[in-house]
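Novice: If you want the building blocks of each chain, they are given just below.
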Amino acid sequence: MATTVTSSTEGKTWGGGNEPMNASYGKLMMWFFIVSDALTFSGFLAAYGFSRFKFIETWPLADEVFTHFPFMHGVSAPMYYVALMTFILIFSSVTMVLAVDAGHQMKKTKVAVYMLLTIVGGLIFVGSQAWEWKNFIKGEYGAIESKGGSILQFVDTHGKRVALHEFAADIPQERVQHTRSNGIWFTEEPALPSVSVAEVVEGFKSHPDLLVRTEVINPETKQKVVLSREESLKRLEGAKTVVEGANLHQNEYGSKLFADFFFFITGFHGFHVFSGVIFNIIIFFNVILGTYERRGSYEMVEKVGLYWHFVDLVWVFVFTFFYLV
Amino acid sequence: MGHSHESNVGRIWKVFGFLSLITIVEVALGIVKPHGLHFTNFLGMNLLNWIFIILTVVKAYGIMWAFMHLEGETSTLRWSIVAPLVFLILYLVFILLVEADYIFEVFKNSTIKWNF
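In order, the protein sequence lines correspond to chains A and B.
In this text, residue positions in the first sequence follow our numbering: the first is 18, and each later residue adds one.
In this text, residue positions in the second sequence follow our numbering: the first is 2, and each later residue adds one.
Rather than coming from a laboratory, the hints here were simulated on the basis of the structure.
Hints may contain errors.
Said to hold, decoys possible - Partial selection, computed: residues in chain B whose CB lies under 8 Å from chain A:
#1 Ser8
#2 Val10
#3 Ile13
#4 Phe17
#5 Thr24
#6 Ile32
#7 Phe53
#8 Ala61
#9 Glu72
#10 Ile82
#11 Leu86
#12 Leu89
#13 Ile90
Said to hold, decoys possible - Straight-line alpha carbon distances no greater than 27 Å define the calculated BS3-like cross-link-like pairs of lysine-lysine that follow:
#14 A:Lys257 to A:Lys177
#15 A:Lys44 to A:Lys125
#16 A:Lys125 to B:Lys34
#17 A:Lys251 to B:Lys109
#18 B:Lys15 to A:Lys151
#19 A:Lys273 to B:Lys109
#20 A:Lys177 to A:Lys127
#21 A:Lys177 to A:Lys124
#22 A:Lys251 to A:Lys241
#23 A:Lys239 to A:Lys273
#24 A:Lys320 to B:Lys109
#25 B:Lys15 to A:Lys164
#26 A:Lys273 to A:Lys151
#27 A:Lys125 to A:Lys151
#28 A:Lys177 to A:Lys155
#29 B:Lys15 to A:Lys44
#30 A:Lys177 to A:Lys151
#31 A:Lys222 to A:Lys241
#32 B:Lys34 to A:Lys124
#33 A:Lys257 to B:Lys34
#34 A:Lys164 to A:Lys251
#35 A:Lys273 to B:Lys34
#36 A:Lys155 to A:Lys320
#37 A:Lys239 to A:Lys164
#38 A:Lys241 to B:Lys15
#39 A:Lys257 to A:Lys164
#40 A:Lys222 to B:Lys15
C-beta: ideal position from N, C-alpha, C; glycine also.
Produce the entire structure from the sequences given, and follow the hints as far as they go.
Specialist: Following this line, the structure appears as C-alpha cells:
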C-alpha cells in the first residue's frame with residue numbers, strides 16, 4: 018500500500034488512495050480476521066452448548082471439576098483460580114490499551130513498558146491455563162466407567178467424595194504394563210490405572226459406608242444422584258474400566274464430551290493467547306528499535322492490540338460457558 | 002484516525018473498573034448461587050444463567066466499545082463488524098440448542114438409548 022494519509026475528499030471516491038470506512042488497510046484486515054475468528058469460536062461454543070443440552074441431565078458440574086487453587090491442597094475452591102485468570106487477562110488488556118494510548122502521544126518508552134507488562138500478563142495467563150490442564154488431566158478421585166459408558170463415582174454416607182486408592186482392596190495380580198520392548202509388534206499401551214476394577218469392587222464391598230454417585234443431576238437439588246447401598250452394588254456389577262483423570266477418550270468427571278470440548282476450546286484459546294504473546298514480543302522489539310518512531314505512527318501497536326483484546330473477549334465467553342453457567 | 006491525540010488514561014481505568022466489577026459480581030453469584038435465582042426456569046434455563054449470559058454480553062460490549070475502540074470508528078465499520086456476528090451467532094445458537102433439546106427428548110422418552 019502507498020503511504021495512506023488521506024481523508025476522503027468529495028468527488029474522488031474512485032480515484033484511489035481512499036480508505037473505506039476511514040480505517041487503514043491493515044486495521045480493516047485485522048477486523049476481517051477477528052470477525053471470522055469470532056465465528057469460529059462461536060461455532061465451537063455453540064457445539065459445546067449442543068452437547069450440553071443433549072446431555073443436560075448428566076453434564077458434569079463445573080464446581081466439582083475445577084476446584085484447585087495453587088498452594089491450597091485439599092481445599093475445594095471452585096471459581097477462585099479461574100476468576101484470578103480472568104482478572105490477569107483483563108488487566109493485560111488494560112496495559113495494552115495504555116500502550117496504544119501512549120503510542121498516540123508518541124511516547125516510545127511508555128509504549129515499551131506497557132507492551133512488556135502485556136506480555137508478562139499473557140505469559141502468566143498461559144501458565145495458569147497449563148496448570149489448570151494439569152489438574153484436569155491428573156484427576157483427583159478417580160471413577161469407574163460402566164459397560165454402558167456412564168461414570169460411577171464414590172462417596173461416603175455424608176456425600177463427600179472418596180478417592181479410589183482410599184478403599185480399593187489389594188489383590189495381587191499378574192498384569193503388568195506392556196511396553197514396546199516386550200512385545201513382538203513393538204506396540205505399547207497407555208499407562209495402567211493404579212488400581213484394577215476387581216480391586217475397586219472388592220474394596221467397595223468391604224466398606225459398608227461407601228455409596229455410588231451417578232452422573233444424573235437431581236432437578237430438585239441440582240446435585241448428582243447418590244444411589245442406595247443395594248443399588249450401588251448392583252450398578253458396580255456393570256463396572257468395566259477404572260478411569261483416573263481425563264483425556265480425549267476417558268473422563269472421570271463425567272461426560273467424555275465435556276473433556277473433549279474443554280481441551281479443544283481452552284486449547285484453541287490458549288493457542289491464540291500464545292500467538293498473541295509472540296506478536297506482542299515482535300512489536301515490543303520493534304518499539305524498542307524505534308521502527309514506529311521513525312515511521313511516525315504507532316498504528317502497528319493498535320492493530321496487534323485489537324488482536325489481544327479479541328483474545329480477552331473470547332476468554333470472557335469461555336469463562337462464562339465453562340465455569341459459570 | 003480522526004480522533005485527537007489527548008490521553009484517555011482516566012477513561013481506560015474507568016472501563017477497567019467497570020469490567021472488574023462485572024467479573025466480581027459474576028464470581029460472587031457463581032460461588033453463592035442464590036437459591037431464588039438458581040432454582041427457577043425461564044425459557045429453558047434458570048435465571049442465574051441468564052444473568053451470567055447478560056453480564057457476559059455487557060462485558061463483551063465494554064471490551065469492544067472502549068478497548069477495541071469501536072466508539073471511534075465510523076458507524077458503517079461498526080455495523081459491518083457487529084451485525085454479521087450478532088445475526089449468525091444467534092441463528093447458530095438457536096438451531097443447535099433447539100436440535101440438542103430435541104435429541105435429549107428422544108433419548109429420554111423413546112426406546113433409543115444410544116446411537117451416536
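Novice: Compare the structure with each hint and give your call.
Specialist: Against the structure, the hints:
1. Among the interface hints, the one on Ser8 (chain B) holds; its C-beta lies about 6 Å from the nearest C-beta in chain A, closer than the 8 Å criterion.
2. Given the 8 Å rule on beta carbons, the hint for Val10 (chain B) holds: about 6 Å separates it from the nearest Cβ of chain A.
3. Here the hint on Ile13 (chain B) is kept, as its CB sits about 5 Å from the closest CB of chain A, short of 8 Å.
4. Satisfaction of the interface hint for Phe17 (chain B) is found here, the shortest Cβ-Cβ separation to chain A being roughly 5 Å, below the 8 Å cut-off.
5. A hinted interface residue such as Thr24 (chain B) counts as satisfied when its beta carbon comes closer than 8 Å to some beta carbon of chain A; here the least separation is about 6 Å, so the hint holds.
6. Interface hint status for Ile32 (chain B): upheld, as the beta-carbon distance to the closest one in chain A is roughly 5 Å, under 8 Å.
7. Interface hint status for Phe53 (chain B): upheld, as the beta-carbon distance to the closest one in chain A is roughly 5 Å, under 8 Å.
8. With 8 Å as the threshold, the beta carbon of Ala61 (chain B) comes within range of chain A, its nearest partner Cβ sitting at about 6 Å, so the hint holds.
9. A hinted interface residue such as Glu72 (chain B) counts as satisfied when its beta carbon comes closer than 8 Å to some beta carbon of chain A; here the least separation is about 12 Å, so the hint is violated.
10. Because the smallest distance between the Cβ of Ile82 (chain B) and any Cβ of chain A comes to about 6 Å, under 8 Å, the interface hint for this residue holds.
11. Taken as an interface hint, Leu86 (chain B) checks out: its beta carbon lies about 6 Å from the nearest beta carbon of chain A, inside 8 Å.
12. For Leu89 (chain B), the suggested interface contact is upheld, since its CB lies about 6 Å from the closest CB of chain A, less than 8 Å.
13. With 8 Å as the threshold, the beta carbon of Ile90 (chain B) comes within range of chain A, its nearest partner Cβ sitting at about 5 Å, so the hint holds.
14. For the hint pairing Lys257 (chain A) with Lys177 (chain A), the CA-to-CA distance comes to about 24 Å; that is within 27 Å, so the pair holds.
15. Restraint check for Lys44 (chain A) and Lys125 (chain A): satisfied, since their Cα atoms lie roughly 21 Å apart, inside the 27 Å limit.
16. Annotation: proposed proximity of Lys125 (chain A) to Lys34 (chain B) is violated, straight-line Cα distance about 47 Å (limit 27 Å).
17. About 22 Å separates the Cα atoms of Lys251 (chain A) and Lys109 (chain B), which keeps this hinted pair within 27 Å; it holds.
18. About 36 Å separates the Cα atoms of Lys15 (chain B) and Lys151 (chain A), which puts this hinted pair outside 27 Å; it is violated.
19. At roughly 19 Å between alpha-carbon atoms, Lys273 (chain A) and Lys109 (chain B) fall within 27 Å of each other, so this suggested pair holds.
20. For the given pair, Lys177 (chain A) sits about 53 Å from Lys127 (chain A) by alpha-carbon distance, which is inconsistent with the 27 Å threshold.
21. Proximity of Lys177 (chain A) to Lys124 (chain A) is assessed by CA-CA distance (about 57 Å); at most 27 Å being required, the pair is judged violated.
22. Note on Lys251 (chain A) and Lys241 (chain A): the hinted pairing holds, with a Cα-Cα distance of about 18 Å set against a maximum of 27 Å.
23. Straight-line distance between C-alpha atoms of Lys239 (chain A) and Lys273 (chain A) comes to about 20 Å, which keeps the hinted pair within the 27 Å bound.
24. With a C-alpha separation of about 50 Å, the suggested pairing of Lys320 (chain A) with Lys109 (chain B) is violated against the 27 Å cut-off.
25. In summary, the hint linking Lys15 (chain B) to Lys164 (chain A) is not supported, as the alpha carbons are separated by about 55 Å, beyond the 27 Å threshold.
26. Between the alpha carbons of Lys273 (chain A) and Lys151 (chain A) the distance comes to roughly 17 Å, so the proposed pair stays at or under 27 Å and holds.
27. A threshold of 27 Å between alpha carbons decides the hint, and for Lys125 (chain A) with Lys151 (chain A) the separation of about 39 Å lies outside it, so the pair is violated.
28. Between the alpha carbons of Lys177 (chain A) and Lys155 (chain A) the distance comes to roughly 20 Å, so the proposed pair stays at or under 27 Å and holds.
29. Between Lys15 (chain B) and Lys44 (chain A), the direct Cα distance comes to roughly 25 Å. Compliance with the 27 Å bound is thereby established for this hinted pair.
30. For a cut-off of 27 Å, the pair hint linking Lys177 (chain A) to Lys151 (chain A) stands: about 23 Å separates their Cα positions.
31. A hinted pair counts as satisfied when its Cα atoms are at most 27 Å apart, and Lys222 (chain A) with Lys241 (chain A) qualifies at roughly 22 Å.
32. Among the hinted pairs, Lys34 (chain B) with Lys124 (chain A) is inconsistent with the structure: their alpha-carbon atoms are about 46 Å apart, more than 27 Å.
33. A hinted pair counts as satisfied when its Cα atoms are at most 27 Å apart, and Lys257 (chain A) with Lys34 (chain B) does not qualify at roughly 36 Å.
34. Pair hint Lys164 (chain A) plus Lys251 (chain A) holds up; C-alpha atoms about 13 Å apart against a cutoff of 27 Å.
35. Using a Cα cut-off of 27 Å, the hinted pair Lys273 (chain A) and Lys34 (chain B) holds, with the two alpha carbons roughly 26 Å apart.
36. At most 27 Å may separate the alpha-carbon atoms for a hinted pair to count; Lys155 (chain A) and Lys320 (chain A) exceed this at roughly 39 Å.
37. For the proposed pair Lys239 (chain A) and Lys164 (chain A), the alpha carbon gap of about 26 Å is at most 27 Å, so the pair holds.
38. In summary, the hint linking Lys241 (chain A) to Lys15 (chain B) is not supported, as the alpha carbons are separated by about 42 Å, beyond the 27 Å threshold.
39. Annotation: proposed proximity of Lys257 (chain A) to Lys164 (chain A) holds, straight-line Cα distance about 5 Å (limit 27 Å).
40. For the suggested pair Lys222 (chain A) and Lys15 (chain B), the alpha carbons sit about 60 Å apart, so the restraint of at most 27 Å is broken.
Comparing the model with each numbered hint stated earlier shows that hints 9, 16, 18, 20, 21, 24, 25, 27, 32, 33, 36, 38 and 40 do not hold.
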